[in-house]
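Student: Line by line, the protein sequences give chains A and B. Number 51 in this note's numbering belongs to position 51 of the first sequence; there are no gaps in the numbering. Number 89 in this note's numbering belongs to position 89 of the second sequence; there are no gaps in the numbering.
If you're looking for bench data, these hints aren't it; they were derived computationally from the structure. Don't be surprised by glycine CBs; every beta carbon is placed ideally from N, CA and C. Treat the hints loosely; a few may be bogus.
[Stated by the list, open to error] On the chain B side, residues computed to face chain A include the following (Cβ under 10 Å):
1) 46
2) 49
3) 67
4) 70
5) 88
6) 103
[As the list claims (entries may be wrong)] Here are some chain B residues the structure puts well away from chain A; computed CB gaps all over 12 Å:
7) 14
8) 22
9) 39
10) 64
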Amino acid sequence: QIQLVQSGPELKKPGESVKISCKASGYTFTDYAMHWVKQAPGKGLKWMGWINTYTGKPTYADDFKGRFVFSLEASASTANLQISNLKNEDTATYFCARGSGEGFAYWGQGTLVTVSS
Amino acid sequence: DIMMTQSPLSVAVTPGESASISCRSSKSLLHSNGITYLSWYLQRPEKSPQLLIYQISNLASGVSGRFSGSGSGTDFTLKISRVETEDVGIYYCVQFLEVPPTFGGGTKLELK
Numbered sequence: 001q002i003q004l005v006q007s008g009p010e011l012k013k014p015g016e017s018v019k020i021s022c023k024a025s026g027y028t029f030t031d032y033a034m035h036w037v038k039q040a041p042g043k044g045l046k047w048m049g050w051i052n053t054y055t056g057k058p059t060y061a062d063d064f065k066g067r068f069v070f071s072l073e074a075s076a077s078t079a080n081l082q083i084s085n086l087k088n089e090d091t092a093t094y095f096c097a098r099g100s101g102e103g104f105a106y107w108g109q110g111t112l113v114t115v116s117s
Numbered sequence: 001d002i003m004m005t006q007s008p009l010s011v012a013v014t015p016g017e018s019a020s021i022s023c024r025s026s027k028s029l030l031h032s033n034g035i036t037y038l039s040w041y042l043q044r045p046e047k048s049p050q051l052l053i054y055q056i057s058n059l060a061s062g063v064s065g066r067f068s069g070s071g072s073g074t075d076f077t078l079k080i081s082r083v084e085t086e087d088v089g090i091y092y093c094v095q096f097l098e099v100p101p102t103f104g105g106g107t108k109l110e111l112k
């Protein structure tokens with residue numbers, strides 16, 4: 001069955017970096033785009049952007065340009081999200097989600113990143 | 001960006017009764033290919049969002065037939081029939097017509 005399994009929770013200090021992974025299984029990784037979605041504590045969902053898993057080209061939403069990097073380890077069917085120079089407002093749960101004509105039919109379980117001094 | 005507005009913010013429903021949630025977009029979600037790119041998701045407490053409905057009214061795989069979607073253009077409705085305990089959570093509408101995909105603010109469904 002199709003699964004997206006994300007890495008575990010992270011506790012970081014302001015200014016540090018974090019890398020979150022999303023390992024896909026049950027389908028051909030390069031056939032579907034991978035999207036990233038942010039959910040701040042108690043808040044709604046915000047689309048961060050996506051990465052073309054065939055070409056590796058990332059596309060970022062306006063609010064996520066600069067400190068955010070999407071990357072792939074295609075041989076491992078894994079998509080990564082790296083956030084540098086972490087700020088308090090980056091505290092959130094980050095989801096990966098597989099894109100398709102139906103929208104986001106499959107989601108990872110989410111990774112909580114807490115930024116605190 | 002296309003703005004998505006949901007109402008109500010929250011709804012309390014007696015188990016077995018029905019509930020409806022509305023979603024309005026700031027522009028028509030009808031693509032020139034004839035498809036309207038409006039989806040509904042349910043996020044149960046402490047869980048990932050789950051796709052319920054796509055393209056206004058298509059039921060996602062494995063989703064109960066108690067969920068149905070309707071609407072056109074800029075106005076859409078999600079109906080939940082015979083509400084059950086497992087339906088508790090926050091419902092989001094999302095548009096996929098344009099980049100960036102944008103989510104409604106969410107509607108919290110609780111049981112009476």
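Student: Now, for every hint given, state plainly whether the structure supports it.
Tutor: Tested hints:
About 9 Å separates the beta-carbon of residue 46/B from the nearest beta-carbon of chain A, less than 10 Å, and the hint is met. About 6 Å separates the beta-carbon of residue 49/B from the nearest beta-carbon of chain A, less than 10 Å, and the hint is met. Interface hint at residue 67/B: violated, since its Cβ lies 14 Å from the closest Cβ of chain A, which is beyond the 10 Å cut-off. For the restraint placing residue 70/B at the interface with chain A, the shortest Cβ-Cβ distance is roughly 17 Å, beyond the 10 Å limit, so the hint is violated.
The restraint placing residue 88/B at the interface with chain A is violated, with a minimum CB-CB distance near 17 Å, outside the 10 Å limit. For residue 103/B, the interface hint holds, since its Cβ comes within 10 Å of a Cβ in chain A; the closest pair sits about 5 Å apart. For residue 14/B, the condition that its CB be more than 12 Å from all CB atoms of chain A holds, with the nearest at approximately 26 Å. Look at residue 22/B: its CB is around 16 Å from the nearest CB on chain A, clear of 12 Å, so calling it non-interface holds up.
Residue 39/B, annotated as away from the interface, has a beta carbon of chain A within 12 Å; the closest lies near 4 Å. Under the 12 Å C-beta cut-off, the non-interface status given to residue 64/B relative to chain A holds; the minimum distance is some 16 Å.
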